[in-house]
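> Spelled out, the chains give:
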Amino acid sequence: MIPTDCYYTKEHEWVRVEDATLVVIGITDFAQDQLGDVIYVNLPENGSEINQSAQMGEAESVKAVSDLFSPVTGTVVEVNGNLQDAPELVNRDPYGDGWMLKVELSSVEQLANLLSADQYGKYLDSGEH
Amino acid sequence: MVKNFVHSYIPHTDSERREMLDVVGVNQIEDLFLEIPEKYRDPNITLPSPLTEMELLQELESLSAKNVQVGKMPSFLGGGAYSHFIPSVVASLTSRGEFLTSYTPYQPEVSQGTLQATYEFQSMMCELTGMDVANAGMYDGATAFAEAALMACRLTKRYRVYVMDSISSHYLAVLRTYLLPQSVEIVIVSDYINEIDGDAACLLVQYPNALGVIPDLASLGKLIHSVDGLFVVNVYPVALGMLKPPSEYEADIVTGECQSLGIPLSFGGPYVGMFACRNEHIRQLPGRIVGKTNESHGDRDGFVLTLQTREQHIRRENATSNICTSEALIATAVAIHLALLGPRGLRQVAQLCYNKAHYAARCISELPGYYINPHAPDKYWFNEFVVTGPKSVDVLQKNLFDQGIIGGINVTDRVKGGLLFCVTEINSKQEIDNLVIALNNMKES
Numbered sequence: 001m002i003p004t005d006c007y008y009t010k011e012h013e014w015v016r017v018e019d020a021t022l023v024v025i026g027i028t029d030f031a032q033d034q035l036g037d038v039i040y041v042n043l044p045e046n047g048s049e050i051n052q053s054a055q056m057g058e059a060e061s062v063k064a065v066s067d068l069f070s071p072v073t074g075t076v077v078e079v080n081g082n083l084q085d086a087p088e089l090v091n092r093d094p095y096g097d098g099w100m101l102k103v104e105l106s107s108v109e110q111l112a113n114l115l116s117a118d119q120y121g122k123y124l125d126s127g128e129h
Numbered sequence: 001m002v003k004n005f006v007h008s009y010i011p012h013t014d015s016e017r018r019e020m021l022d023v024v025g026v027n028q029i030e031d032l033f034l035e036i037p038e039k040y041r042d043p044n045i046t047l048p049s050p051l052t053e054m055e056l057l058q059e060l061e062s063l064s065a066k067n068v069q070v071g072k073m074p075s076f077l078g079g080g081a082y083s084h085f086i087p088s089v090v091a092s093l094t095s096r097g098e099f100l101t102s103y104t105p106y107q108p109e110v111s112q113g114t115l116q117a118t119y120e121f122q123s124m125m126c127e128l129t130g131m132d133v134a135n136a137g138m139y140d141g142a143t144a145f146a147e148a149a150l151m152a153c154r155l156t157k158r159y160r161v162y163v164m165d166s167i168s169s170h171y172l173a174v175l176r177t178y179l180l181p182q183s184v185e186i187v188i189v190s191d192y193i194n195e196i197d198g199d200a201a202c203l204l205v206q207y208p209n210a211l212g213v214i215p216d217l218a219s220l221g222k223l224i225h226s227v228d229g230l231f232v233v234n235v236y237p238v239a240l241g242m243l244k245p246p247s248e249y250e251a252d253i254v255t256g257e258c259q260s261l262g263i264p265l266s267f268g269g270p271y272v273g274m275f276a277c278r279n280e281h282i283r284q285l286p287g288r289i290v291g292k293t294n295e296s297h298g299d300r301d302g303f304v305l306t307l308q309t310r311e312q313h314i315r316r317e318n319a320t321s322n323i324c325t326s327e328a329l330i331a332t333a334v335a336i337h338l339a340l341l342g343p344r345g346l347r348q349v350a351q352l353c354y355n356k357a358h359y360a361a362r363c364i365s366e367l368p369g370y371y372i373n374p375h376a377p378d379k380y381w382f383n384e385f386v387v388t389g390p391k392s393v394d395v396l397q398k399n400l401f402d403q404g405i406i407g408g409i410n411v412t413d414r415v416k417g418g419l420l421f422c423v424t425e426i427n428s429k430q431e432i433d434n435l436v437i438a439l440n441n442m443k444e445s
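If you read the sequences in order, they're chains W and P.
According to the numbering used here, the first sequence is numbered sequentially starting from 1.
According to the numbering used here, the second sequence is numbered sequentially starting from 1.
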C-alpha cells in the first residue's frame, strides 16, 4: 500500500531518490484522499530554492486549498508540467504520474530527517495526523 | 455609573469585569478614561425637550434644507465621485424585494437570480476593461486599488509598490491603510518616470489621473513589465466609453469605482469597486466570483460561486484576501444601468462628457487671467480640468457659490491656485455658459 522505496513526512509528502542527490517529490495517497478531487496545483518555478518543512506551494481541491510543505532542501530542477492541465493525476496516481517536483538536494544527510514507509504507516495508523 | 445594572445584551459578570481590569492593570472602568480631560469626561448635555413625530420631521427637514444638493444647484464637482444621469428604471428594478432584501449569498446556489445578476455585472466589467475575468465587486474603487496592490505582491513575491504621484490623495490614504500594516512599502513616483527598480511588485496608475489627465499607459506598462512587475490601472468607467481599454496597454489588473454607472452621490457610499484581471492570475483574485455552469442532469445553465476555497470562511487566515462579501445590490444597479445604456449609450455619455468639458475649458481659457491645466498644458484629458484664475481659490469658490454654482475642488496642493472642475452630460450648455459668466465677473479688477 505505502511504497517502500520512498521517504515520507508527517505532512504527507513522499520523496523518492532517483540518482544520488536527485529526488522526486509528491503527496501521498492518504493526502490526495483527504483533499478530494484536486483541481489545481501551485508549485515553485524551475530553478527556485526550497527548504525542508517550509511552504512550497498549494494544492486546491473542490473543497479546500492546502499548503504543500517541502520535504527536502534543495533546488528545483523540474516541475511536472502535466499537472497544469491534468491536476487529477495527483488523485489517480499520487506516487507515479502525479509527482510534483524533481529536486537536486543540498545534502543527502537531510534524508535522515524523513520517515521510512514503515514509520509513515505507523504514523497513519496512530491517528495523530 | 449605575451599579448592578444588568444589560440584556452585555453578558459580562462583575467578576469577569474584575478579571479584565486586573489584566489591563487598572482599578476601575473609570480609570480607562483618565486620558480625557476631566471637564469633558462626563459632560452635562442639555437637550431640547422631546418632540412629536410631526414636529421632529419638520425639524429634520429644516436642518436638511440647509444643505445644498447637487441637482438643486449646478455642480462642477468630480474628483472621484461623479454626477451622471440615472434612469428611473435603475431604482425601480433594484428596489424589487428579490434584489433589495437578499444579502450576499452564503448558501449561494439557492439564489440563482442574484447570482445571475452578479454574473452579468462581472461580464460587463470584462467587456468594459477588456480583461479576462472580473469578480463580483469590491467595497469601492479605492479598496479595489489597494487589493490589487496586495495581489501583485502575492504574485510577484515582492513587497514594494510603486504609485504614481498623480493618483487621488484619498486613494493613496486607503493604500496606506491596507499596505503599511502588512509591511508593504509604498514608493511614490512622478509622471515622468522612465526607470524603475527591479524590486517593484507593481506600478499603480489612475486613468484618467486625479487631475483628469490621461496618462501615457503604453510607456508606463512597458516600463513596469521590463522588471516583471504588474501593471495596475484604476479607471473611471465612464471614460472607457471612449478611451481604449487598459487591456490594450497590457494592464494586468484593472480596478475602478463604479459609482459613475448608476449610483447616486451620497456621502461616499455605498459604492462598488470593479476588479478585473488576466486569467492566469485568477487564483490570486480577491473576493467572490460567480461562474456559469450547467446542470449535471439536464442542460440548463446554472450559476455558482466559484473558487470559494480561497475565501476567508474556508481558508481562514490563509485566505487570498479578507474581503468575503461584495456590494451585491450596488453591483446589480450598475449592471442594470449599463444594460440600459448599452455600448453605444455609454459611448454617447462619454462623448458628451468630453465635449461639454472641453467646451467649458475653451470658454474659460478665453477669459482674461484664467488658465487651463497649467501643470500639463500638452496632455490629453477627459472631463476634468484644472483652472487657475485671477483670485485665490477660496475667493473663486465662494463667489461661484454666491452666484448659485457649486464649482471646483481645491487642488492647490498639486497646482498652485488650482481648482479642479468636472463636467458631465448632466451639465447643460446654459449651466456651462453661466459658469463662464460667473468666472468672468471675477476677472482682475
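Possibly wrong hints are sitting among the right ones.
Unchecked claim - Below, a list of computed lysine-lysine pairs in the DSBU-like style, where the Cα atoms sit at most 35 Å apart:
#1 Lys10/W / Lys157/P
#2 Lys63/W / Lys157/P
#3 Lys157/P / Lys443/P
#4 Lys72/P / Lys416/P
#5 Lys157/P / Lys244/P
#6 Lys66/P / Lys39/P
#7 Lys292/P / Lys63/W
#8 Lys416/P / Lys157/P
#9 Lys102/W / Lys157/P
#10 Lys72/P / Lys39/P
#11 Lys398/P / Lys356/P
#12 Lys72/P / Lys292/P
Simulated from the structure, these hints should not be mistaken for laboratory data.
> Hint by hint, say whether it matches the structure.
The hints, checked one at a time:
{"no.": "1", "hint": "Lys10/W / Lys157/P", "verdict": "27 Å, holds"}
{"no.": "2", "hint": "Lys63/W / Lys157/P", "verdict": "26 Å, holds"}
{"no.": "3", "hint": "Lys157/P / Lys443/P", "verdict": "55 Å, violated"}
{"no.": "4", "hint": "Lys72/P / Lys416/P", "verdict": "30 Å, holds"}
{"no.": "5", "hint": "Lys157/P / Lys244/P", "verdict": "30 Å, holds"}
{"no.": "6", "hint": "Lys66/P / Lys39/P", "verdict": "32 Å, holds"}
{"no.": "7", "hint": "Lys292/P / Lys63/W", "verdict": "18 Å, holds"}
{"no.": "8", "hint": "Lys416/P / Lys157/P", "verdict": "39 Å, violated"}
{"no.": "9", "hint": "Lys102/W / Lys157/P", "verdict": "22 Å, holds"}
{"no.": "10", "hint": "Lys72/P / Lys39/P", "verdict": "43 Å, violated"}
{"no.": "11", "hint": "Lys398/P / Lys356/P", "verdict": "24 Å, holds"}
{"no.": "12", "hint": "Lys72/P / Lys292/P", "verdict": "44 Å, violated"}
Of the numbered hints stated above, those contradicted by the structure are hints 3, 8, 10 and 12, listed in ascending order.
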